[in-house]
Amino acid sequence: MTETAFRRMKDLPSTRLLGTGTPMCAGCGGLLALHEIYDILGEKTVFINAAGCMTLLSVYPFTPFRGSWLYTSMASAPAGAQGVRDALDILLEQKRISADEDLQTVVLTGDGSAYGMGLSATSGAIDRNLDFLYICYDNEGYGNTGQQFSEATPHAAKTSTSSGPRGFPGFKKDLFDIWAANRPAYVATVIGTEPLDLARKIEKAKNMKGPRLIIALAPCPTGWDYDPKETVEIGKLAVKTGVWPLKEYIDGKVVHTKIPRQRKPVEEYLQKQGRFAHLFKPERNEKLLAEIQQRIDVYWEGISNE
Amino acid sequence: MTRQLLTGNGAAAWAARLAKVDYVPAFPITPQTEIIETLSAWFDNGEIPGRMTTLESEQSMITAAGAAAITGVRVFTATSSQGLLYGMEMLYTVAGWRAPFVMINVSRGLSAPLTLEPDHNDILAARDSGFLQIHCATCQEVLDSTLIAYRLAEHEKVRLPVIVNQDGFYLSFTREPVEIPDPALAARFVGQFDPENTQLRASAPTSQAVAVLGGSPYSYFRYELHLAAQQALDVYDEVAAEFAEQFGRDYSAIESYRIDDAEFAFVMMGCFATKAKEAVDRLRDIGWRIGLVRPRLLRPFPEQALHDALADKKAIAIIDQNISMGKGGVLHTEVASALYGAKAAPLLTSYIGGLGGRDISQEELFEIANQLKQAVEKGSAPPPRLLYTAGELREMRKLQAIAHVERQELKLGEESDNDQGEGND
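Residue numbers (my numbering), protein chains in the order written: chain L, 1 to 306; chain Y, 1 to 425.
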């Protein structure tokens, strides 16, 4: 690993740049990650937002951001970043603004936009080698409208549009691989409950040019149906069970940054969430549980020896 | 100043160059593409400074246009038809951002059925978006209106995006002699881009386009947008007057042609109005008192000017190159609203024509004039007419007959294939 300012927990910033009192739900895993990310990115940023939960962070006349903000639409946040970046570049090239007026262009969207509606605009931005950082808070469903399934919903999860006995019939789309296949500057998965791993990745991404993606798994008490106090525990289990692999794509290679040596059974993660309750009650759905476990095992085969 | 043969698209590109635009987000679509090809060549050759970025859709293009404008540069873009509709969400959005930039729309009929040829349903779909609209009838007007549009968009009392509309094919691909203003004079007329208080800078953090909670703040910002658009009426008059003084070409909010002593009038938008001018001349030759009114501005709507030009006429034919399904011509309802309540208001007759590039012939215009005269004699207006000739219907019936025969043949062919298949079993 390259040099980092974040060797141990006490190296993490102790300031809290992002303001409090936002309308996010108690225990929001997305907000947890954003707090940590913002502390490192700092205020020389413009957050370009697409429709989602975090659109409600900036509601007239309040904002928790010390830097700038622009809401666009559900599908076109990366295009907003393109316009801002191009305009800043023109102003810098023509010396109409000084270099210290420049801003880091950050797209902030949920999984609904990142995995689905905004993917065309994202693909275009990657093709054009746009210098921007994309942060996706992934709570695995259209959370702001009451947790209908999205392209990021995991297999078998119950959502408000997949409430049958088998839950969501589809599979979570692999956004990491879609990005990595286009050879961008950087792609990483993070989670707010692993702050050191997150800090190192944001630090790295911050100092790069080109298209960069951070996908933050965002445990969601309202959408996943659990008590808000469980957010940290569920987040840690997502990593320990291997459901959420922490990894990065850099210099053409995928590297896992935290390999769970002895993976806990995925049941421990699933059992804590109401959205998977139908796998355990009224009786255990052994077949489906085994299927989910097997898919995780297959993923990790061969990776443990990296 | 030089005089060149330019298409409407060429004129639009020249206007962007003369306005010294910094940034052109682009996406190709017929019949607009020549505009961005021309600009692209100039950027690539280093003939003009700035940057062009080809986005992957019109929705992204308009997002990037608005975002760049509120970051603090002068923006130009262009689209047409399906592209305008694909970007429709962002038309409303960037108008709400109060992003001052200029977009050319090259009017083209909307799908379905799919067509490449012009009418005004695309641009009228954007009527309520918050973009101001200037409609052109000549290639010269496209160039000049675009320069005026920058002054309008960026004016401190307005701060709204502006669409300059030209008809596909008839203007976009037709070469006309166009006077290209002297670059220094044009630059002085348009002035430097002033971002005012909408810009993104590290030293001055700002939140733009944030959500509101509740109808009260929402209404406040929407009313402000409306009031700004209304203020644009006076600003347009000022800017157009200044343009006339400096360049000698007059672009008042409505064009009036031989209207002062007229008893009858045609009202039309866009370049087909030049056909009606020709009809006016021919009818005047044989003693008719008839004229033409062509609104250049559609938003803001020059209500008073239309009222003043038309209220004392006996009968008016409003010829719409668009159709609002289940209602009729959009311009007809707009003009009716401007004349409602006028003392001895003229009889209004409504005609739909020129959809998807269909021509409007001189004979049709003469017939419309006749109907105006008859309406005055009868004291009542005839019902709205959809222009279509017996000859056209005959040709259409032929196409339908061919379609029918082809389908029958296909069916017969399938049946005989099946028969053969069974025979082989």
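Quick caveat, the hints were computed from the structure, so don't treat them as lab data.
One or more hints might be untrue.
[Claimed, not checked] If you want the ones that stay clear, here's a sample from chain Y, every Cβ over 12 Å from chain L, calculated:
#1 E367
#2 E406
#3 E414
[As the list claims (entries may be wrong)] Restraint-style ranges between C-beta atoms, simulated for each label pair:
#4 L:E203 / Y:F221: 35 to 41 Å
#5 L:E233 / Y:A204: 40 to 46 Å
#6 Y:M1 / L:E203: 54 to 60 Å
#7 L:R7 / Y:Y223: 36 to 42 Å
#8 Y:Y223 / L:I178: 41 to 47 Å
#9 L:G170 / Y:A112: 54 to 60 Å
#10 L:D100 / Y:D128: 38 to 44 Å
#11 Y:G391 / L:D174: 23 to 29 Å
#12 Y:D128 / L:D174: 56 to 62 Å
#13 Y:A336 / L:G170: 39 to 45 Å
#14 L:P23 / Y:S324: 37 to 43 Å
#15 Y:S40 / L:G170: 39 to 45 Å
The beta carbon of each residue, even a glycine, is placed where N, CA and C say it ideally should be.
Now the hints, each set against the structure:
1. E367: 47 Å, holds
2. E406: 37 Å, holds
3. E414: 37 Å, holds
4. L:E203 / Y:F221: 35 to 41 Å: 39 Å, holds
5. L:E233 / Y:A204: 40 to 46 Å: 42 Å, holds
6. Y:M1 / L:E203: 54 to 60 Å: 58 Å, holds
7. L:R7 / Y:Y223: 36 to 42 Å: 56 Å, violated
8. Y:Y223 / L:I178: 41 to 47 Å: 43 Å, holds
9. L:G170 / Y:A112: 54 to 60 Å: 32 Å, violated
10. L:D100 / Y:D128: 38 to 44 Å: Distance hint for D100 of chain L, D128 of chain Y holds at roughly 42 Å.
11. Y:G391 / L:D174: 23 to 29 Å: Violated: the Cβ-Cβ distance is about 60 Å, outside 23 to 29 Å.
12. Y:D128 / L:D174: 56 to 62 Å: Once the Cβ atoms are compared, 42 Å apart, the range 56 to 62 Å for D174 of chain L and D128 of chain Y is violated.
13. Y:A336 / L:G170: 39 to 45 Å: 53 Å, violated
14. L:P23 / Y:S324: 37 to 43 Å: 41 Å, holds
15. Y:S40 / L:G170: 39 to 45 Å: Since S40 of chain Y and G170 of chain L have Cβ atoms about 42 Å apart, the given range 39 to 45 Å holds.
Violation of the numbered hints given earlier is confined to hints 7, 9, 11, 12 and 13; the remaining hints are satisfied by the structure.
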